[in-house]
Amino acid sequence: DTGVSQNPRHKITKRGQNVTFRCDPISEHNRLYWYRQTLGQGPEFLTYFQNEAQLEKSRLLSDRFSAERPKGSFSTLEIQRTEQGDSAMYLCASSFGDGAYEQYFGPGTRLTVT
Amino acid sequence: GQQVMQIPQYQHVQEGEDFTTYCNSSTTLSNIQWYKQRPGGHPVFLIQLVKSGEVKKQKRLTFQFGEAKKNSSLHITATQTTDVGTYFCAGYHIMEYGNKLVFGAGTILRVKS
Numbered sequence: 581d582t583g584v585s586q587n588p589r590h591k592i593t594k595r596g597q598n599v600t601f602r603c604d605p606i607s608e609h610n611r612l613y614w615y616r617q618t619l620g621q622g623p624e625f626l627t628y629f630q631n632e633a634q635l636e637k638s639r640l641l642s643d644r645f646s647a648e649r650p651k652g653s654f655s656t657l658e659i660q661r662t663e664q665g666d667s668a669m670y671l672c673a674s675s676f677g678d679g680a681y682e683q684y685f686g687p688g689t690r691l692t693v694t
Numbered sequence: 330g331q332q333v334m335q336i337p338q339y340q341h342v343q344e345g346e347d348f349t350t351y352c353n354s355s356t357t358l359s360n361i362q363w364y365k366q367r368p369g370g371h372p373v374f375l376i377q378l379v380k381s382g383e384v385k386k387q388k389r390l391t392f393q394f395g396e397a398k399k400n401s402s403l404h405i406t407a408t409q410t411t412d413v414g415t416y417f418c419a420g421y422h423i424m425e426y427g428n429k430l431v432f433g434a435g436t437i438l439r440v441k442s
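Heads up: the protein sequence lines correspond to chains A and B, in order. Sequential numbering from 581 applies to the first sequence in our numbering. Sequential numbering from 330 applies to the second sequence in our numbering.
Mixed in with the good hints there might be a few duds.
If you want the footprint, here are the derived chain A segments under chain B, 3+ residues with CB under 8 angstroms [what the hints assert, rightly or not]:
(1) 595-609
(2) 618-631
With the C-beta cut set under 8 angstroms, the calculated list includes, among others, these residues of chain B facing chain A [claimed, not checked]:
(3) TYR351
(4) THR357
(5) SER359
(6) ASN360
(7) PRO372
(8) PHE417
(9) LYS429
(10) GLY433
(11) ALA434
Read the hints as simulated data drawn from the structure, not as lab findings. Note that CB positions come from ideal geometry on N, CA and C, so glycine has one too.
From just these sequences and the hints, can you work out the full model?
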């Protein structure tokens, strides 16, 4: 068990560019979550998958954000036409089972939009 | 805005002193989880409380869930420098919040040695 991994760890991009982040959850975990965290705040829910199905998406998530988990294993989060307000830490977490069980977080991808 | 509130926002204690952080929800929760995030790190699960009035202990840490399941607290006895970090509570209520956790803004703990 190597834990949850995320790539890249850091991303600097110019406003208007598209970026894609990858998350590899713990292998037997069926649930995968994406969060965004800014300074002084707790993780803010973006979306989650149960296996390959995207079951919930935050109303705060604009159409520029899309996530996939094509085979129920790794997931990608894409942000199109990035804006400076997108600068944040993007965290991925995974858990096993149905319901609110403990979540294992990855190290995050820090996005800076210039 | 945040539906799960935490106070205080920040606390700086002398090593050996006790520390408490409080979490309040605007709605009754099904359960509550606590996480710790070290500076530069990611959140790490500490504990989950499910029952009304539940109290759980982990060494010097004591977690409580209120009778109405709307508030919770984390108390650390005799803080050590290794306790430094941000402590988050996260509430779960499928009807109110959907099938996800709602995190508070956290309490930052600094410990002076």
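Mind listing which of the numbered hints don't hold for this structure, in increasing order? 1, 3 and 4
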